[in-house]
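Model the full structure from these sequences, guided by the hints.
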Amino acid sequence: MPAKAADKRRQDVSGPSRGKASKAGKAGSKKRDEDASTEAGDALGDLARALVKSPDQLELTEAELKQEITRTLTADNPQAPQNIVRFSFKEREYKLVDYLDQTAIHFSLNGNLIPKDSDEGRRQSIRSNIEAEKAPDETPAETSEQAEIKDEEQAGDTEAAGEEEGGEEEGAAEEEAEAAEAAEAAEAVEAEEPPPPKAPEKKLPNQFNFIERASTTPFNPLREKGCQTEPIPSLNFSATIHQWDIYDAYVEELQRMEKAKEKEKSKPQAVKKEEEKRGLRKLSHVEVQHVEPITRVAKAAKIAERMVNLNTFDDIAQDFKYFEDASDEFRAQQGTLLPLWNFQYEKTKKLAVTAISWNPKYKDLFAVGYGSYDFMKQGHGMVLLYTLKNPSFPEYIFSSDSGVMCLDFNSEHPHLIAVGFYDGNVAIYNLRKETSQPSYKSSAESGKHSGPVWQVKWQKDDMDNNSNFFSVSSDGRIVSWTLVKNELVHMDVIKLSGEGTMQGPEGLQLQTLGCGTSFDFHKKIDYLFLVGTEEGKIYKCSKSYSSQFLDVFEAHHMAVDTISWNPFHLKVFISCSSDWTVKIWDHTIKTPMFVYDLSCAVGDVAWSPYSSTVFAAVTTDGKAHVFDLNINKHEALCTQLVVTRKKNKTTHIQFNPVFPIITVGDERGLITSLKLSPNLRKMPKEKKGQEVKKGPEVEMAKLEKLLSLVREPEAKAET
Amino acid sequence: MEETEEEKKDEADYKRLHSFPLIRHSDMPEEMRVETMELCVTACEKFATNNESAAKMIKETMDKRFGSSWHVVIGEGFGFEITHEVKNLLYMFFGGSLAVCVWKCS
Chain A
1 MPAKAADKRR QDVSGPSRGK ASKAGKAGSK KRDEDASTEA GDALGDLARA
51 LVKSPDQLEL TEAELKQEIT RTLTADNPQA PQNIVRFSFK EREYKLVDYL
101 DQTAIHFSLN GNLIPKDSDE GRRQSIRSNI EAEKAPDETP AETSEQAEIK
151 DEEQAGDTEA AGEEEGGEEE GAAEEEAEAA EAAEAAEAVE AEEPPPPKAP
201 EKKLPNQFNF IERASTTPFN PLREKGCQTE PIPSLNFSAT IHQWDIYDAY
251 VEELQRMEKA KEKEKSKPQA VKKEEEKRGL RKLSHVEVQH VEPITRVAKA
301 AKIAERMVNL NTFDDIAQDF KYFEDASDEF RAQQGTLLPL WNFQYEKTKK
351 LAVTAISWNP KYKDLFAVGY GSYDFMKQGH GMVLLYTLKN PSFPEYIFSS
401 DSGVMCLDFN SEHPHLIAVG FYDGNVAIYN LRKETSQPSY KSSAESGKHS
451 GPVWQVKWQK DDMDNNSNFF SVSSDGRIVS WTLVKNELVH MDVIKLSGEG
501 TMQGPEGLQL QTLGCGTSFD FHKKIDYLFL VGTEEGKIYK CSKSYSSQFL
551 DVFEAHHMAV DTISWNPFHL KVFISCSSDW TVKIWDHTIK TPMFVYDLSC
601 AVGDVAWSPY SSTVFAAVTT DGKAHVFDLN INKHEALCTQ LVVTRKKNKT
651 THIQFNPVFP IITVGDERGL ITSLKLSPNL RKMPKEKKGQ EVKKGPEVEM
701 AKLEKLLSLV REPEAKAET
Chain B
720 MEETEEEKKD EADYKRLHSF PLIRHSDMPE EMRVETMELC VTACEKFATN
770 NESAAKMIKE TMDKRFGSSW HVVIGEGFGF EITHEVKNLL YMFFGGSLAV
820 CVWKCS
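Chains as they are written, first to last, in this note's numbering: chain A, 1 to 719; chain B, 720 to 825.
One or more of the hints may lead you astray.
Taking beta-carbon pairs under 10 Å as the criterion, some of the chain B residues facing chain A (in silico) [as the list claims (entries may be wrong)]:
no., residue
1, F739
2, P748
3, G815
4, S825
It is worth saying that the hints were derived from the structure and are not from the lab. We put the CB at the ideal spot given by N, CA and C, even for glycine.
See the structure below:
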């Protein structure tokens with residue numbers, strides 16, 4: 001029964017698929033039909049059953065089913081390609097190959113049959129016939145000769161026998177035997193005579209009992225394979241030259257060279273720098289285009305870059321994490337700075353570091369501002385963000401037309417950086433955005449400063465949740481900028497009016513404005529801040545009063561470069577100046593608590609974040625000084641040359657809020673990071689039995705103790 | 720007399736000024752171009768009177784260095800139409816009056 005079903009299926013398949021039936025298929029089905037014809041009766045009976053179709057069977061309409069398609073067998077190979085193009089080296093061009101062999105050889109074997117009629121065949125047949133004739137002739141000749149010999153011998157024997165009648169039968173027998181032997185010998189001789197002429201045609205008689213054996217080695221069938229190389233790409237080129245062509249070419253070239261020389265000499269440097277900048281910008285555009293294919297692997301490439309850097313700077317990373325200078329135990333009042341990574345970028349080699357700031361959120365990321373302190377040589381500026389994880393290349397690069405003088409991270413929005421420029425503008429860069437341009441920038445209409453902006457500092461978000469920051473500049477204004485609806489709105493907070501008035505033309509009384517060079521806001525008391533000026537005065541101001549100062553300190557003889565409140569003690573601040581001094585103040589007392597003369601202009605000073613009595617300063621001779629008031633009130637714990645190059649001044653210093661390292665920037669665009677040795681970061685000693693109090697209160701108490709020592713003698717002196 | 724002297728001076732100046740090798744057209748890579756140019760200058764200076772020897776020297780050196788087969792033409796006035804392998808052509812002027820064309824085509 002299953003067989004019948006199979007038959008029916010076959011019939012059904014062959015029916016609808018007649019459209020695509022191949023000859024082989026037809027032949028097959030014919031056979032099956034023949035087989036099935038015997039069961040035709042049963043098959044008809046089974047037609048009533050349901051048709052079984054394969055699921056992917058082609059559905060054809062009735063008309064198509066009845067359509068007759070003739071199929072012919074041709075000798076063409078359907079698999080052979082019909083449009084082969086080959087490069088003809090002769091004609092040096094691609095040509096269509098006209099005719100292709102349609103035969104596909106699957107197996108070939110060289111045989112060794114020769115047709116009878118050919119020359120070779122005839123030769124061979126002649127040879128074999130001669131052999132056949134000669135063989136039967138020779139044997140009767142031999143036998144007849146042998147018979148004659150025998151007769152003669154026998155005749156000879158009978159005669160001998162007759163002579164010696166009745167004689168010795170043995171002798172006769174012997175004679176016969178001898179005669180027989182002689183006859184045999186004669187036969188043998190005779191037999192030997194005819195064989196020599198037949199030797200080439202007859203096999204040697206097997207007297208020595210040897211067997212012939214032959215074999216052939218396994219034979220590798222040969223296959224033909226052809227290949228053609230790709231044609232070498234070539235171009236046509238033509239030209240004509242005469243003497244005048246050569247002359248003209250040379251003259252043109254000379255002119256071009258002269259023009260280039262003139263251009264270099266005649267253009268002033270600023271214009272040249274403009275071209276450089278344009279070149280830079282063009283480069284950045286070009287780079288953007290080229291960067292696109294690499295963005296897909298950007299993340300992987302970044303990780304790979306960091307890994308490679310970690311491997312390269314492995315020993316520095318180990319030092320950073322684990323190295324503690326053991327010799328500090330023996331040097332009670334001395335410490336050292338261990339140089340770690342150097343951060344450098346080729347485009348900033350001619351720029352000085354003007355500001356360093358650590359990111360409040362990512363402890364290994366810091367921003368560096370580049371510009372120029374030289375009044376005469378002002379160029380472009382850059383802001384680079386480096387991470388400790390990749391000392392070879394900055395993470396973010398922003399370039400600007402004017403030199404960057406200061407920058408600050410927003411603590412609530414760590415992706416915003418406020419930057420102050422030499423030309424008086426301020427800008428906000430957004431790290432989340434891909435562009436290298438600032439997100440917001442002030443301009444002449446929106447109230448930029450008329451002098452370089454020396455410091456910017458973010459404030460807490462105001463009541464409308466708008467970020468705002470303050471900037472201080474040489475034009476004597478302290479301006480508060482608020483980010484309102486994608487715009488920078490400015491508001492003058494205070495004007496630094498100088499002491500006394502000046503006589504202007506026509507007897508006008510002019511109010512002079514002091515030039516602010518630095519400021520700092522109090523950590524706890526929100527409205528209180530200090531401003532340092534170029535004349536060396538420090539003003540204590542409040543945000544609420546715009547024209548009057550709370551207090552004035554006659555601090556320095558030259559411009560106040562940096563002011564900083566102590567992170568722990570609420571009353572203490574430090575100031576440094578180009579007059580070689582660093583002074584520590586209590587803001588309630590007019591005279592400084594501590595004065596340090598560093599014998600060289602001090603570029604920057606910073607409190608350490610972990611101790612209230614430790615601070616560091618850099619001087620323009622390339623040295624970094626670290627002080628700890630707890631240990632030594634009069635001298636630095638560590639004075640170390642940070643920058644090796646001559647004529648290189650160190651300009652800024654910053655402590656990392658978490659790790660025990662400091663970063664120092666210099667005039668050549670180089671940032672050096674140094675690790676503080678243990679002596680420089682001493683915490684209060686544990687007394688046995690007592691709990692060690694950690695935290696700001698301890699620090700405050702520590703400093704308070706020190707200050708009281710200083711204050712009391714003064715109080716006594718005053719009274 | 721003075722004029723001829725001046726003319727001679729001018730010629731000498733011109734020769735001095737215009738003798739440097741000036742590449743007119745080349746599609747070789749930078750290194751190859753510089754090397755070939757140096758070679759041509761050396762050959763032309765060595766065989767200043769005989770263009771054929773100079774060309775022979777250049778061609779043989781190029782064959783050894785960059786593979787066969789190179790063709791070199793040196794002269795003061797000629798026109799040409801050649802087929803060359805891509806990135807293997809140098810056409811330059813030298814010595815104020817000589818033109819050298821070097822190309823590879825197998």
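Evaluated hints:
no., hint, in the structure
1, F739, "holds, 8 Å"
2, P748, "violated, 15 Å"
3, G815, "holds, 7 Å"
4, S825, "holds, 7 Å"
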